[in-house]
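Participant: Listed below are the residues making up each chain.
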Amino acid sequence: MNGANPDRVPALDPVNALDVENICKYYGDFAALRDIGFRVSRGSTVALLGRNGAGKTSLLRIVAGLSKPSQGTVRVLGADARQESARRRIGVLGHGISLYDELSATENLMLFARLYNLEEPRKRAHAWLERTGLERVRDGLVREFSRGMRQRLAVARAFLHEPDLLLFDEPFTALDDRAIALLQDLLAEAHAQGRTIVMSTHQLKEALELATHVALLRRGQIAYFGERRQEMIEDAGWLYRTFED
Amino acid sequence: MSARQPVRIEPRAGVGLFVRQAFTITGKDLRSELRTKEALNASVAFSIVILVLFSFAFDPLASEQVEEFSGGLLWLVFTFAGALLLNRSFVREMQNDCLDGLLAAPISAAGLFLGKALANYALLMAIEFVSLPVFGLFYNVRWARQFWPLVGILLLGTWALTVIGTFFSALTVNLRIRELMLPTLVYPLMIPALMSAMTLTTRLMSGHPLGPDESLPLRMLVAFDIVFTLLSVAFVDTVLVG
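Same order as they appear, the protein sequences are chains A and B.
Last residue of the first sequence? That's 244 in numbering that gives the first Met the number 0, and every number before it is there in order.
Last residue of the second sequence? That's 241 in numbering that gives the first Met the number 0, and every number before it is there in order.
Only chain B is shown next, with the shape it has when bound in the complex (with noise of 0.2 Å):
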């Protein structure tokens, strides 16, 4: 083919260009970072350094003690090392104008946000399936003991974390103080779907399966994923494009 041949454009439109665009901004930041794993190694490093860390201030032989808290301590953990990795997710973008490159390319800003948050969601999970085996073994925990429903429970919590974090980085990208700024707006909105996933990652660790009793925590976990990923879908063009 010769750079000068006429340029043919697929005939794919709608929800399958979307789908494909979205994909390959997935594609492409998860090339990036496994390239040059700035912000992989980062927030692995501290989600095991954290454990280890809290690890200390425990007996590991009160495994019932430990079950307790154990949702609490994950989610903070995962928590902060989200921010770690999140705010990379838009400040890549900022290098070479790489941001105003992909504004100008006929992508959707909703397909560009779910693209990044996609590949962001599959680093996140990466990090906690490794720091589980670390909690596990730290902590005398067996922790896959429901293993199935946790890993549901991850899938949902992780999602309201990549979401909000995600936004909020395309919300603070222009900000030299995003590093602390991220976390900041980050956090307070992050409590309902928090404190549900804390609650029903405790009840899991501890062996028992989700009851009547976990519905609640658990439509909430539901309901702030639906809600807040509508909600950044809708408002980041005005985010992006100021």
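Bound-form chain A, shown alone (with noise of 0.2 Å):
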């Protein structure tokens, strides 16, 4: 995957970008999380569907690293999801912008430009900010931006490193038309370069257009993955009555 790029670091895992297996979540009593199990091959994009408190936020966080499972094992391109190879090669987009408000653009994009040691993070950073149109607030400080400004530079940040595997978290929620826009596009792009792509959303009918497959969440667990079907595009509500009522 990734052919333009033949200078990255060698795969690790040469099918499966995501191995999920019997991963359960525990808060206190509360399980979030029930022996959920599945396999993404590379390039391929996952609508990660359920209503509120289905666990899809949970899920996300272990899948990125940032949460660890009270059982199972996720294995990110071959490797331990909190393995610093894995996460050289995952973008994450939650719920926050995780930018810092006291820095300008340029000085966050560069910041992630050197935690993921990359070449030239200046010009990384300013091709990014050129890309999602902020170049001429690129020495402004976050803190002075509008919403939407916002949400494009933490979706810079997301695909600064050109990650092998996206995990957005709602990515839709609270952009403006541009935003939307410009993710749709980036999304686009990535799945056309064989990325893999993991994204809840509330937004059925954005997602199902990018989707290849189809994870729907119930009360923690899975009710349904798979193949997205053509009825799912048709009727979006069709995968919810069928699945989940």
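Be aware that one or more of the hints could be misleading.
A few chain A residues facing chain B, derived, Cβ under 10 Å [unchecked claim]:
hint: 1; residue: 60
hint: 2; residue: 65
hint: 3; residue: 85
hint: 4; residue: 88
hint: 5; residue: 91
hint: 6; residue: 95
hint: 7; residue: 97
hint: 8; residue: 99
hint: 9; residue: 115
hint: 10; residue: 127
hint: 11; residue: 160
hint: 12; residue: 161
hint: 13; residue: 166
Just a sample of chain B residues kept apart from chain A, beta carbon distances all over 10 Å, derived [claimed, not checked]:
hint: 14; residue: 50
hint: 15; residue: 177
hint: 16; residue: 183
DEER-style ranges, computed between Cβ atoms [to be verified]:
hint: 17; chain 1: B; residue 1: 221; chain 2: A; residue 2: 34; range: 49 to 57 Å
hint: 18; chain 1: B; residue 1: 128; chain 2: A; residue 2: 140; range: 27 to 35 Å
hint: 19; chain 1: A; residue 1: 175; chain 2: B; residue 2: 37; range: 24 to 32 Å
Everything labelled a hint here was simulated from the structure, so no lab data went into it.
All C-beta atoms, glycine included, are put in the ideal place defined by N, C-alpha and C.
Each chain sits in its own coordinate frame; assemble them with the hints.
Facilitator: Written as structure tokens, this is what we have:
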């Protein structure tokens, strides 16, 4: 995958981007995730669906290595999710923008470019600021940005290091039209480049148009995991009616 | 450069990468703090106010009496001011879920921890070097007579405070009563290091060099620094990734 860049670190797993086996997550006595297991092959785009509290965020946090499962294992591109080799290949966009208000847009992106050990961090940061339409405010502090600008900068941060696996938690929420269009373009481009995308969302239409696979979570368990079907696009409510109610 | 150009990863790896990433975090924290000055202003103001208020309780002309408790007073001020500063260390990362961004990046938890600890260390040392002339002025003490040994003790004692404080700042960051929990957890653990630093500082403030009698507290301070640095580095990943 990512044939545009032969200099990258060699692939760790030739087939699967994600192996999730028997994941359970407990918060005290509450089981947020119960016996979750699935595999995502490279190049797939998975729409992770489910009602509020179904466990989407908990699952994505575990896959991203931000939280440890109470039980079970997660392999990202063949490596443990907390290994640095795996994290180098993951791009995460969560509920927060993960950017520092008191730093400028350039400083924020340069910080992450350095942490990802990218060459020419300033040029890389400026290139992504241009791509996201923020080049005119590149030296402005993030705290002075509008909500839409902050979201676009967060998108730039997630894509900055050209991750092989993109993990997005409700990426379309609170985005303005421009940011939605930008994100859709970037996701389509990432998919065309053979990158793997897993995104949780409540925006069924946008998600199902992009997805090759669908995972439906219901009360912490997988209610459906499989290829996206045509009836899902034609009738977005079909999935919930068939597998949830 | 275009965003579509393929990304190139620098060949640096191992210790070089670890050090560079840690210093990147240090630079980020120092830049953030120097722009907002939230914790720095509060800590410096607190130190000066406490020193000035305590000066009313003692006769500034009785410099021998002051020298006897100078180490204790200074280290208590540094510890209390340090708690204000260290509390902010990981709280800063909660805004906009910045900690998630750092944990998702390929930086080891140890590198992240040491980077933040170094930033806190630099800020705490700055607070101490602002406080010392104030102490000298209000307590009529010639505090710089053993300047370089004093600097050495400040470096060792401050690292002890920093490493413990930064670790517990990470541990308590999700607690609602973290402002209370941090000192409650840090101060009892700090007792061996504080006692050593106080003893050594008192000796140096009175103008005497460190002698064989001070070797035990000095070794205690060095051992404390090494042991708690290693423990913090070993356990910080468990603390940060719950």
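Participant: Provide an ascending list of the numbers of those earlier hints which the structure does not satisfy.
Facilitator: none
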